[in-house]
Amino acid sequence: MLAQNEPIIRLKGVSKFFGAACAVDNVSLDVMRGEFFALVGPSGCGKTTLLRMLAGFETPDTGNLFIDGRDMTGVRANRRPVNLVFQSYAIFPHMSVAENVGYGLKIAGLARDEIMARTAEVLRLVKLTGQEKKHPGQLSGGQRQRVALARALVMRPAVLLLDEPLSALDARLREAMQLELVHLQKTVGITFLIVTHDQSEALSMADRIAVMDQGAICQVASPGELYEAPNCRFVADFIGKINLFEGAAAMHGKDRIRINSAILGEVELTGAARGAVTLAVRPEKIRISCEPQTLLDIIQVRGRVSDIAYYGGYSSVFIDIGAAQPLMADIMNAEQNGMRNVTPGDNVYCSWRAADTLLLTG
Amino acid sequence: MEPWRKTPFVFLVSFLPPALWLAVFFVAPLSLLWLFSFGDKSGITDIELKWTLTNYARALDPLYLGVVLKSLWIAGATTAICIMIGLPVALVISFAPGRVQPWLLLLIILPFWTNLLIRTYALIAVLRGNGHVNSVLEWLWHIGDGILGMVGLGDYDLLGAGFTPLALLYNDGAVVTGLVYVHLPFMVLPLYAAFDRLDRSLIEASLDLGAGHVRTFFSIIAPLALPGIVSGVIITFIPALGAYLTPDLLGGADSQMIANIIERQFKAANDWPFGSALSFLLMYAAFFGMAMRGIFTKRAAEGGRR
Amino acid sequence: MNIIKKIFMKSPSRPLDYHRRWPLRTILICTLIFLYAPIFTLIAFSFNDSKRNIVWHGFTLKYYEKAFANAELMLAFGNSLAIALFSTLISIVLGSLAAYTLWRFRFPGKAAYEGVMVLPVVVPEICMGVAMMAFIARTGWPQDVPWPLNLGAITIAHIAFCFPFAAIVIRARLQSFNRELAESAHDLGAGEFQVFRDIILPHMRPGIIAGGLLAFTLSLDDFVITFFTSGPNSVTFPVKIYSMMRFSVTPEVNAASTVLIIFTIALTAIALRLQYRSQMTEQVK
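Protein chains in written order, with the numbering used here: chain A, 1 to 362; chain B, 1001 to 1306; chain C, 2001 to 2285.
The hints are simulated quantities; they were obtained by calculation from the structure and are not laboratory data.
Since the model is a prediction, treat every value here as computed from it, not as a measurement.
A couple of the hints might just be wrong.
[Stated by the list, open to error] Calculated cross-link-like contacts (lysine to any residue; reagent style SDA-like; alpha-carbon spacing at most 25 Å):
{"hint": "1", "chain 1": "B", "residue 1": "Lys1006", "chain 2": "A", "residue 2": "Ile263"}
{"hint": "2", "chain 1": "B", "residue 1": "Lys1006", "chain 2": "A", "residue 2": "Cys22"}
{"hint": "3", "chain 1": "B", "residue 1": "Lys1006", "chain 2": "C", "residue 2": "Thr2139"}
{"hint": "4", "chain 1": "C", "residue 1": "Lys2110", "chain 2": "B", "residue 2": "Met1290"}
{"hint": "5", "chain 1": "A", "residue 1": "Lys134", "chain 2": "C", "residue 2": "Ile2200"}
{"hint": "6", "chain 1": "A", "residue 1": "Lys12", "chain 2": "A", "residue 2": "Met32"}
{"hint": "7", "chain 1": "A", "residue 1": "Lys254", "chain 2": "A", "residue 2": "Phe234"}
[What the hints assert, rightly or not] Chain C is faced by these chain B residues, among others (derived, beta-carbon under 10 Å):
{"hint": "8", "residue": "Phe1011"}
{"hint": "9", "residue": "Leu1091"}
{"hint": "10", "residue": "Phe1095"}
{"hint": "11", "residue": "Asp1172"}
{"hint": "12", "residue": "Tyr1244"}
{"hint": "13", "residue": "Ala1259"}
{"hint": "14", "residue": "Met1292"}
{"hint": "15", "residue": "Ile1295"}
Ideal placement from N, C-alpha and C gives every residue a C-beta, glycine not left out.
Could you put together the complete structure from these sequences and hints?
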């Protein structure tokens, strides 16, 4: 039996090629029991292929795939202890809600009363009690998604796979479902693995996130770690908003680096790096002022405000600092840092703590 | 779509039965016919495979060439008349209000669902010497004659001494009429589909620029609907070319078409090699027509995408 | 109220209202008259109390009685029905398999397979008819078998040219099938056959019914191919009517023809009704 701290999914060196194109490139990944795991990346990064390999609809060309300790690399989809919630829900149109949910149990050969009992239980879980006799055509999009969830959950899989579960929902429903899915996962206790292209969705729902790009995994970490300590330029850029600056680094002492950047001038940071690097800072870390700040250990640039985007609670201020892209600073509208309202055309000083600067070598 | 190797057993179960049936009961008989067409009649029932082209060459005999040419001419006339009738009919249907369209189409197609034999028989009753058309004409003749009599011109026999019925049956005209009667839906449907797909705003633009309706039709509608028109022409011409029942029942002794000759070779004349050769010539014509249609529609589809 | 308004108050004619223009309308109406008049007169004269089929003498059903009493005619009708039934059942199976193969699998020679499937639709009937006749003669098909086996040759020929039509209809229906439904069923534990039975077959059903009715009609109405494959004791309805027509044109033929027309139209109406209803339920989904 599987020890408590052994991963429920383990991928070792898994690759998949479609013709000459490499969709999944030597991926190794562990997903722990009971966690809400997200696989995130832009379109075409291979996350859906990876998901389908887990579900059993594609076979890896290299590597091994372990589910619940057993090697499932060549095992067919209908023999695996995982269930997939499809992006389009794939509800059987000619069956009622109850028949849909009970289908897997019927195939497994369970007795009728057991099927009815388990169906009722799971419908209560997804808040669809009373809809048993309805047909999919009579349900809303959100309800159909719950049927898809119920149908997969009633099988009590080791892992529940979800393919872009929220992409078909409108914005408000999406936010509500995000919370509901997390709550559902904690209630049921099953490991959830979702695939999504929406990084904010992953950040809000997952315990751990794997960021994929061009078939390979860039970083696997908790949302906070991904946001505050991305390990490469791609992850920094993909997760959240960020400002990027190119520079050349040279060691200056045992653990100090001096980076020469066209925009920022000379910057000194703690760490170890050499050669071409990217410096980055998150927009909310930047403070805007009319007068230059004189605090120690800050990085400061001058510029002229070019645009302001108002978002209600906060505003994104775009400042032209002489670089190709404007600097993006997010300021809360409630507190204005003791400044009068910023308007386009103002000459301002943007500053942030040096420690808040991210140093990216990838 | 998955590669067949993924689930070979399922693939074979679904692939083999239809394939085998067609192989044994369709391809094999046709192949036999093909072999016969190169053979020679040696004895009453035996055919020797000699790989000779004499049977095909015989089709060029003036006797048979005449039949082939006549078939082409009859099929051509049928197609032409179908176009002349089909274009306005399809135009009316495709521009009718949406609710009415399916019903109009159904009305046009419904006769197609009745047996060919019966429809042809119905035409016989209409076209005969003492059939319905002639009965009506005779009735009109009597009225005309009566009027002339009343006016005082009765003795001059202006309408002839007696009513002579029109010989509408057992000639080429009857065959063409019969073929038009049978194949009209085949022309209307593709034309309707083509007109239906037209961008109405193009027609409106043409009218807006000052062109009349007839000019708009020939300059705008017809060229854009050309794939549909070509499609309709081919699926009317080819079946008309290979028609058997209609010339058999409606045609006279000299209105024989290719299919009738083929039938005679296999039944009365017992010259199977020649009949086979003729059959294959007909088939090649059919394949050629379908290939042309395929190329045409494919090229039109690609052209549209550009 | 609205209908009366529509009839009596004509909205101004728009330039593209070709259906309103009288020259075109006349052509349409004349065409419809041309198409239907012969059929209607045929049906009307089947009730005519006169042997000669021209002048109306009186309403009678006696020719229907004669037709139903004509043992050979009834036997021929029975033969036609039996052949159509068997050929439809097998055509549905073969058509479904062919459609499923083409929809699901990639395989070498697929284009050739598709091409061969379409051949029966393209090849002129006379060619198929004589080919079958030659085949039967050459392969020494048993000739003196009892009913219903003596209809075997005709049935087999009918299946060969009917099932591709059914396959086309069924394949069109399969195009609208969402493959993820099959994947979902697999994911829930179903094996190949269970997925086919529970998920794919229900989806195909409207296509199977429509294809089946098409095959039935094609078989029932067929003349040319049957003419070449039938023998003296395996006569079908159209072949029998043909021989009756050659001998004499009596209202009995009209009566028999009317029966066939009604039968065919009824079947077609059912098929269309089923198509329509399945389209409506699809839209709800």
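We went through each hint and held it up to the structure:
Among the hinted pairs, Lys1006(B) with Ile263(A) is inconsistent with the structure: their alpha-carbon atoms are about 57 Å apart, more than 25 Å. For the suggested pair Lys1006(B) and Cys22(A), the alpha carbons sit about 21 Å apart, so the restraint of at most 25 Å is met. Using a Cα cut-off of 25 Å, the hinted pair Lys1006(B) and Thr2139(C) is violated, with the two alpha carbons roughly 39 Å apart. Annotation: proposed proximity of Lys2110(C) to Met1290(B) holds, straight-line Cα distance about 19 Å (limit 25 Å).
Proximity of Lys134(A) to Ile2200(C) is assessed by CA-CA distance (about 21 Å); at most 25 Å being required, the pair is judged to hold. With a CA separation close to 15 Å, the supplied pair Lys12(A) and Met32(A) stays within the 25 Å bound. Proposed proximity of Lys254(A) and Phe234(A) is contradicted: the alpha carbons are some 28 Å apart, above 25 Å. A least Cβ separation of about 5 Å between Phe1011(B) and chain C falls short of the 10 Å threshold, and the interface hint therefore holds.
A least Cβ separation of about 5 Å between Leu1091(B) and chain C falls short of the 10 Å threshold, and the interface hint therefore holds. Among the interface hints, the one on Phe1095(B) holds; its C-beta lies about 4 Å from the nearest C-beta in chain C, closer than the 10 Å criterion. At about 19 Å, the closest approach between the beta carbon of Asp1172(B) and any beta carbon in chain C exceeds 10 Å, and the interface hint on this residue is violated. Interface restraint check for Tyr1244(B): the shortest CB-CB distance to chain C comes to about 5 Å, inside 10 Å, so the restraint holds.
Interface restraint check: Ala1259(B) against chain C, minimum CB-CB distance 4 Å, threshold 10 Å, status holds. At its closest, the beta carbon of Met1292(B) sits 12 Å from a beta carbon of chain C; the interface hint therefore is violated under the 10 Å criterion. The interface hint given for Ile1295(B) is violated, since its Cβ lies 15 Å from the closest Cβ of chain C, which is over the 10 Å cut-off.
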